[in-house]
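Start from the sequences, fold in the hints, and give me the full structure.
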Amino acid sequence: MYLLAGSSLQQPSAVRPTALREGGLSEMFLIIDDSRLARMMAVGLITERYPDARVVEAIDAESALTAARDAPPDHILLDHNMPGTAGLDLVDTLRDVAPGASITLVTANIQSSIRERAEAFGCRFIAKPLTAEKVDALFADLKAGT
Amino acid sequence: MSNFFTAEESDAFTEIFNIGAGKAALAMSELLDAPIAFTVPFCVVLPLDEATSYFQRRFGTDICIISQDFSGPFDGAALLMFHHESSLKLAQAALRTEEAIEAITEMEREALTEIGNIILNACLSSFGDLLEREVATSLPRYAAGPSSAILHNTRGFDLVLIVKVDFNVEGRDIEGYVTFVLNVDSVAAFRDAANRLLEKLH
Numbered sequence: 001m002y003l004l005a006g007s008s009l010q011q012p013s014a015v016r017p018t019a020l021r022e023g024g025l026s027e028m029f030l031i032i033d034d035s036r037l038a039r040m041m042a043v044g045l046i047t048e049r050y051p052d053a054r055v056v057e058a059i060d061a062e063s064a065l066t067a068a069r070d071a072p073p074d075h076i077l078l079d080h081n082m083p084g085t086a087g088l089d090l091v092d093t094l095r096d097v098a099p100g101a102s103i104t105l106v107t108a109n110i111q112s113s114i115r116e117r118a119e120a121f122g123c124r125f126i127a128k129p130l131t132a133e134k135v136d137a138l139f140a141d142l143k144a145g146t
Numbered sequence: 001m002s003n004f005f006t007a008e009e010s011d012a013f014t015e016i017f018n019i020g021a022g023k024a025a026l027a028m029s030e031l032l033d034a035p036i037a038f039t040v041p042f043c044v045v046l047p048l049d050e051a052t053s054y055f056q057r058r059f060g061t062d063i064c065i066i067s068q069d070f071s072g073p074f075d076g077a078a079l080l081m082f083h084h085e086s087s088l089k090l091a092q093a094a095l096r097t098e099e100a101i102e103a104i105t106e107m108e109r110e111a112l113t114e115i116g117n118i119i120l121n122a123c124l125s126s127f128g129d130l131l132e133r134e135v136a137t138s139l140p141r142y143a144a145g146p147s148s149a150i151l152h153n154t155r156g157f158d159l160v161l162i163v164k165v166d167f168n169v170e171g172r173d174i175e176g177y178v179t180f181v182l183n184v185d186s187v188a189a190f191r192d193a194a195n196r197l198l199e200k201l202h
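These protein sequence lines are chains A and B, in that order.
In this text, residue positions in the first sequence follow our numbering: the first is 1, and each later residue adds one.
In this text, residue positions in the second sequence follow our numbering: the first is 1, and each later residue adds one.
Keep in mind that the hints were calculated from the coordinates and are not lab data.
Careful: at least some of the hints might be erroneous.
[Claimed, not checked] Where chain A lies over chain B, by a calculated footprint (3+ residues, C-beta under 8 Å):
#1 25-33
#2 106-114
#3 124-132
#4 135-145
By construction, the Cβ of each residue, glycine as well, lies at the ideal position given by its N, Cα and C atoms.
As structure tokens, this is what we get:
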């Protein structure tokens, strides 16, 4: 099961940019986290900044892949410690399903080894909890396309 | 702890846990948007029954625990403990609601579990990083009730290393408590790891 947290679904564009478009309008975000609190925080922080952003929530690998296949996201926020498949083990499959999407690992598991693995997978890394400052820095980074 | 570890080993433990507690306090202050004070960790090794009495004296029968098993350099469980009253206030702070919370329902339980996940992982990361070994962690579990019943669920831990770290959320009167429960073999492994760390520093 996955949940649509933002406005209604639109057809995804044929070419999905990795960089956040100016203003972030109608970008689609996929939040993958088994914690409801973590998803609520992420959805709140994103939609406060970009009210028109579409945000889809998934609670595990299976629901994330279903959601990404239904409407490939532009940006993915991915938890690591989840029931079943761990976040980093899901990255390759997510890239197959949503090849243009940026992926940011948002995790409480802040060990250097996890951070290094995330970087090796080409993912950005944010230590939980997600805060306004961290989301602003991520968006600035996404806009710059770095 | 002197029966099990030398003063130097004990000092190394305290520093490892101190770094972890610092990371946990930072994460907690970001989550609650409030300053967090924490005490320098205090370590003690106790048999399970003595540890149970210790927690009963501290928390009475109304305890809330978020626990996470870990494995790798050592196997054990990390526990974040709150008195019931503190857990209600903490859930209220995390959910950013003005209304006082009177009972832990599913939403509060999920909020507390995620808080535990963040704090315990922050503490555990200090082990892995300093020892250059990855510590695998299970998903966090929430339990509430009498401390004796909850601690008896930590099967296989006849000897426990209690690392006491008190967290205090300024202005909210919330007090938490982090404890690591290890079995005998893991206490020994822990001592070896601390010695390797000390050798590197010498």
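Checked hints:
no.: 1; hint: 25-33; result: holds (count 3)
no.: 2; hint: 106-114; result: holds (count 5)
no.: 3; hint: 124-132; result: holds (count 4)
no.: 4; hint: 135-145; result: holds (count 3)
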